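Quick note on my numbering: the sequence shown kicks off at 168 and runs consecutively.
Think of the hints as simulated: they come from the structure by calculation, not from any bench.
From a predicted model like this one, the values you see are computed outputs, not experimental measurements.
It is possible that part of the hints are untrue.
To be verified - Pairwise CB distance ranges, derived in the manner of DEER restraints:
| # | residue 1 | residue 2 | range |
| --- | --- | --- | --- |
| 1 | Val-440 | Thr-219 | 49 to 55 Å |
| 2 | Ala-336 | Asn-180 | 52 to 58 Å |
| 3 | Asp-310 | Asp-382 | 37 to 43 Å |
| 4 | Ala-241 | Ala-173 | 37 to 43 Å |
| 5 | Asp-310 | Cys-397 | 37 to 43 Å |
| 6 | Glu-333 | Thr-192 | 46 to 52 Å |
| 7 | Lys-228 | Arg-338 | 36 to 42 Å |
| 8 | Gln-387 | Asn-345 | 34 to 40 Å |
| 9 | Lys-334 | Leu-434 | 33 to 39 Å |
| 10 | Ala-385 | Val-233 | 37 to 43 Å |
| 11 | Gly-276 | Arg-338 | 19 to 25 Å |
| 12 | Val-233 | Lys-334 | 27 to 33 Å |
| 13 | Arg-214 | Cys-397 | 38 to 44 Å |
| 14 | Ala-368 | Leu-229 | 38 to 44 Å |
Note that beta-carbon positions come from the ideal geometry of N, C-alpha and C, so glycine has one too.
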Amino acid sequence: MTGAGALWSMSDNELSDELVHLWATEQAVAARRLGVIREIDGRDLARRDGATSVAVWLRDKLRIAVSSARQMLALAHALDSSCRATATALADGVVNQQQAQVIANAVTGLAEHGPAVQAKAEQALLDEKCVVLEPAALAVAADRVLEHVAPELAEEQQRKDLEAAEKRAARDRAFTMNPDGTGRVRLSGWLGHEAAAIVEAAIDPLCTPAGKHDDRTATQRRADALTEVCRLASATGELPENGGDRAQLILTMRHDDLLARIGHGMLDTGLTVSPDVVRRIACQASIIAAVLGTPGQVLDLGRQRRLFTGPIRRALP
Numbered sequence: 168m169t170g171a172g173a174l175w176s177m178s179d180n181e182l183s184d185e186l187v188h189l190w191a192t193e194q195a196v197a198a199r200r201l202g203v204i205r206e207i208d209g210r211d212l213a214r215r216d217g218a219t220s221v222a223v224w225l226r227d228k229l230r231i232a233v234s235s236a237r238q239m240l241a242l243a244h245a246l247d248s249s250c251r252a253t254a255t256a257l258a259d260g261v262v263n264q265q266q267a268q269v270i271a272n273a274v275t276g277l278a279e280h281g282p283a284v285q286a287k288a289e290q291a292l293l294d295e296k297c298v299v300l301e302p303a304a305l306a307v308a309a310d311r312v313l314e315h316v317a318p319e320l321a322e323e324q325q326r327k328d329l330e331a332a333e334k335r336a337a338r339d340r341a342f343t344m345n346p347d348g349t350g351r352v353r354l355s356g357w358l359g360h361e362a363a364a365i366v367e368a369a370i371d372p373l374c375t376p377a378g379k380h381d382d383r384t385a386t387q388r389r390a391d392a393l394t395e396v397c398r399l400a401s402a403t404g405e406l407p408e409n410g411g412d413r414a415q416l417i418l419t420m421r422h423d424d425l426l427a428r429i430g431h432g433m434l435d436t437g438l439t440v441s442p443d444v445v446r447r448i449a450c451q452a453s454i455i456a457a458v459l460g461t462p463g464q465v466l467d468l469g470r471q472r473r474l475f476t477g478p479i480r481r482a483l484p
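Take these sequences, add in the hints, and give me the full structure.
Take a look at the structure:
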């Protein structure tokens, strides 16, 4: 190997060849290291050394993250069992460690289909057309390898994967609104494909720019469209009742402050808005007067029925 001090004297081709040689050597070392890790695990050396797990032992010995240690251990096991051809390719420098990781993930993921299918998949991914692919592109090929080696199984696997994905989407569906204290509310969550398509269909017609002077960004138009869809739904009067009243926006503010455009209003969510926002809302709203005593208790919201009405429920803390 050429000494570091002589690099300046090497030609362009020599430098390129040196890099490739060093990279191949590094992959051979990686293959050897993974073999050593597998043997250490097989001998239960980590436990006898007092470590709680092999990953923790590797973390302490190599000063690496536990996640990296777990990944190396899993790869070491795969190369020693279902991916021995990949282990040889790694040692020979035909593939690098990242490529070997992609192949191992794909092959071990086909365990339910048996060793024969796994072996065919490994050989397909070690084909000369695949080993020249960088890891991300190789992962794309790996995702479709079952279609290549066992087409009769691929369709059934696709059905199972789709059902699993739909169950996961239904389980993980969520929607949250979190104020950040700066006048904004962050929306986040997850929807399944069907639910997302329904939302998209509802807001898409409202996302079109409102003329040539509309300078809103695409994301701003989508935010406005979502708000408008909810406004339209509330205006239909067909939403389920909540506490004795149809869905509606409730806002509280002193009348004098509203007229003078000072102070602030409070939404029923507990968030505050400026007087200008209150006036804009009031232009399209029914005004319900609430007479408050000095301590703030409700003195008059009407009592037409013995039980709590919607207005009374709104006034309750």
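Results of checking the hints against the structure:
1. Val-440 x Thr-219: 49 to 55 Å: holds (54 Å)
2. Ala-336 x Asn-180: 52 to 58 Å: The hint (52 to 58 Å, Cβ to Cβ) holds, given that Ala-336 and Asn-180 are roughly 53 Å apart.
3. Asp-310 x Asp-382: 37 to 43 Å: Hint holds: Cβ distance 42 Å, inside 37 to 43 Å.
4. Ala-241 x Ala-173: 37 to 43 Å: holds (40 Å)
5. Asp-310 x Cys-397: 37 to 43 Å: Between Asp-310 and Cys-397, where Cβ atoms are some 38 Å apart, the hint holds.
6. Glu-333 x Thr-192: 46 to 52 Å: Because 47 Å falls inside the window, the suggested range holds.
7. Lys-228 x Arg-338: 36 to 42 Å: For Lys-228 and Arg-338 the Cβ distance comes to about 39 Å; the hint holds.
8. Gln-387 x Asn-345: 34 to 40 Å: Given about 20 Å between the Cβ atoms, the range is violated.
9. Lys-334 x Leu-434: 33 to 39 Å: holds (37 Å)
10. Ala-385 x Val-233: 37 to 43 Å: At roughly 42 Å between Cβ atoms, Val-233 and Ala-385 fall inside 37 to 43 Å, so the hint holds.
11. Gly-276 x Arg-338: 19 to 25 Å: holds (21 Å)
12. Val-233 x Lys-334: 27 to 33 Å: holds (30 Å)
13. Arg-214 x Cys-397: 38 to 44 Å: violated (58 Å)
14. Ala-368 x Leu-229: 38 to 44 Å: violated (53 Å)
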